[in-house]
Amino acid sequence: MKHVIVIGGGVAGMQCASELLRQGLAVTIIEKEQDLGGKVRNWHKLFPTFTPADEVLSAMRHRLKISNNLKIRTGCQATTITANSVTLCSGEELKCDATVIATGFTLFDAQIKEEYGYGIYDNVITSAELEQMFNENNVHLAHGGTPKRIAILHCVGSRDEKVCQRHCSKVCCVTGVKQAIELKKLFPAADVFNFYMDIRMFGPGYEEMYREAQTAYNVHFVRGRISEVSPTFNSQLQIKAEDTLTGRPLKMSVDMLVLLIGMKSNEHNITLRNECNLLAQPSGFMQPQDSFIGNVTSNVDGIFYAGTITAPKNVGESINEGTAAARAVIEWLNKH
Amino acid sequence: MINFGFSINRPRTIDIDRNNLRKSNEIIREMPELQACIGCGSCTATCTAGNLTEFNFRKVHTLVRRGEYQGAYEEMNKCMLCGKCRLVCPRGINTRGIVMLIKRKLGDF
Ligand SMILES: Cc1cc2nc3c(=O)[nH]c(=O)nc-3n(C[C@H](O)[C@H](O)[C@H](O)COP(=O)(O)OP(=O)(O)OC[C@H]3O[C@@H](n4cnc5c(N)ncnc54)[C@H](O)[C@@H]3O)c2cc1C
Ligand code: SF4
Ligand code: SF4
Ligand code: SF4
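Protein chains in written order, with the numbering used here: chain B, 1 to 336; chain F, 1001 to 1109.
A portion of the hints provided could be inaccurate.
Stated by the list, open to error - Straight-line Cα separation of at most 30 angstroms, DSS-like style, residue types lysine-lysine; simulated pairs: (1) B:251 <-> B:240; (2) B:170 <-> B:32; (3) B:184 <-> F:1078; (4) B:185 <-> F:1078; (5) B:184 <-> B:148; (6) B:39 <-> B:71; (7) B:32 <-> B:95; (8) F:1023 <-> F:1078; (9) B:251 <-> F:1084; (10) F:1084 <-> B:240; (11) B:39 <-> B:184; (12) F:1059 <-> B:240; (13) B:170 <-> F:1059; (14) F:1023 <-> B:185; (15) F:1103 <-> B:251; (16) B:113 <-> B:71; (17) B:65 <-> F:1105; (18) F:1078 <-> B:148; (19) F:1023 <-> B:184; (20) B:95 <-> B:2.
Since the hints were derived computationally from the structure, they do not count as laboratory data.
Go ahead and model the full structure; you've got the sequences and the hints to work with.
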């Protein structure tokens, strides 16, 4: 029986593994965390349908139960990868017939954008932390109390030469609009302002959700990037931006600032590039063979990609790539 | 008094904390569709008044939503209510209705 190693147990890796199992192959998933699920484990409800992330993950876990030919190695990080072997950081080497890299992305560290005061002022939080608060049903200010005015800032650590991240992270605009709606549902009397550069609503139902945020939830959208954040005497945050649609500077104080942090490429991609002969894009994400008919194939025979390892994507797209990569693996194995 | 040639400019910053948002909230509550504006500028591009004067419907209603009412009523008076803007608005906003509403709310400003 042919044996495939899938590196990374996020939604892309899980889907790829279940599809390979279904086709009768033996699969090992290597996951560095203690649990499968990847980033989606930390999200509360998924845009645009507000489906609980847990629901999606338990369906994915269920799909893996399809056969007994699955091994899951958690708490174990892969370092170098070839078509026929995966080396773990313990030094152990696993053998296989093909590999799929589904190691996903890394969240941008908001502290690098020092002007937004993350890690310096209370109540400057990231979108990932807000998801955590939603999960714990405990959205509150640092010293207790509920926010009356909230700002959400788009493109933090994306589309920004100053932090060497030129690409658009694709999912943060939708996340920002989704979180604005969720905040308005929790605090109907609060005012929520989204500061955006462009609004990128690329998927079905996304634009409709944006419009709903505007008209049904009265979320204010201001086109302009916050330039700096400073504390006020009553421990609020003062933010400054240009309201570019009126051509005037704008300032206001808010109780909470949510930073929509971007998706950046994993540090590990440097190892893949330097030691495994795999090609990476200027953004640091891995380079698939081409963007149309070879987007789950790498430049090395027998190594495949699935999910956000090659670019920012949403959950649905990542899962689809899991399936596509499994098909490509089987096709390749049949030829060899 | 000696004139040293200095003068003080009125601050240009839109200060949301200082602005009284009561009127702007009333306007949005009466016609929530105004918030759906995506700033495309189609209204201004097609506007008869805007092609002959400084009038910019998009800019004026955006300023009103930020609580900047100064001069908004006078600006809206330049509108001839021809309704061309409503024909082109991609968000289907009843733009002419907005002109009337802003004039009604800010008549005493
Ligand atoms: C704030 C935020 C909110 C989002 N909300 C939504 C939403 O509502 N709806 C939606 O469709 N999408 C959403 N997304 C996008 C979604 O998170 C991604 O599409 C999804 O996580 C991609 O899955 P993945 O499997 O490609 O990568 P990941 O989720 O990153 O999974 C990769 C896995 O690989 C493991 N791994 C990494 N390196 C190694 C290694 N060297 N060895 C072993 N294991 C390794 C990681 O631990 C991880 O478990 C959101 C993204 C962000 C940032
Ligand atoms: S999706 Fe939106 S917030 Fe995210 S990087 Fe792109 S434009 Fe910025
Ligand atoms: S109705 Fe008024 S704002 Fe609209 S196009 Fe005519 S003049 Fe311009
Ligand atoms: S045409 Fe409609 S959406 Fe476009 S700027 Fe005017 S009011 Fe806004």
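(message) Holds or violated: residue 113 of chain B and residue 71 of chain B, Cα atoms, limit 30 angstroms.
(response) Judged against 30 angstroms, a Cα distance of about 41 angstroms means the pair is violated.
(message) Can you confirm whether the C-alpha distance between residue 170 of chain B and residue 1059 of chain F stays at or below 30 angstroms?
(response) 29 angstroms, holds
(request) Take the C-alpha atoms of residue 39 of chain B and residue 71 of chain B, compute the straight-line distance between them, and say whether it is at most 30 angstroms. (result) Within the cut-off at roughly 21 angstroms; holds.
(request) For the pair supplied as a hint, residue 95 of chain B and residue 2 of chain B, confirm whether the alpha-carbon distance does not exceed 30 angstroms. (result) Holds, because 11 angstroms separates the two Cα atoms, which is no more than 30 angstroms.
(message) Next pair to validate is residue 170 of chain B with residue 32 of chain B; report whether the Cα-Cα distance is within 30 angstroms.
(response) 25 angstroms, holds
(message) What's the verdict on residue 65 of chain B and residue 1105 of chain F, does the C-alpha distance respect the 30 angstroms limit or exceed it?
(response) 63 angstroms, violated
(message) For residue 184 of chain B and residue 1078 of chain F, compute the direct alpha-carbon distance and say whether it is at most 30 angstroms.
(response) Not OK: residue 184 of chain B and residue 1078 of chain F at ~37 angstroms, beyond 30 angstroms, violated.
(message) Run the distance test for residue 1078 of chain F versus residue 148 of chain B: straight-line Cα separation, threshold 30 angstroms.
(response) Given that 30 angstroms is the threshold and the Cα spacing comes to 37 angstroms, the pair is violated.
(request) Measure nothing beyond the straight line between the CA atoms of residue 32 of chain B and residue 95 of chain B; if it is 30 angstroms or shorter, mark the hint as holding. (result) Holds, because 18 angstroms separates the two Cα atoms, which is no more than 30 angstroms.
(request) For the pair we were handed, residue 185 of chain B and residue 1078 of chain F, check the Cα-Cα distance against 30 angstroms. (result) Violated. Residue 185 of chain B to residue 1078 of chain F sits at ~39 angstroms, over the 30 angstroms cutoff.
(request) Quickly compare the C-alpha distance for residue 1023 of chain F and residue 1078 of chain F to 30 angstroms and report which way the hint goes. (result) Measuring from Cα to Cα gives roughly 21 angstroms; hence the hint holds.
(request) Take a quick look at whether residue 39 of chain B and residue 184 of chain B sit within 30 angstroms of each other, Cα to Cα. (result) Roughly 24 angstroms separates the two Cα atoms, so the pair holds.
Checked against the numbered hints listed earlier, the structure breaks hints 3, 4, 9, 10, 16, 17, 18; every other hint is satisfied.
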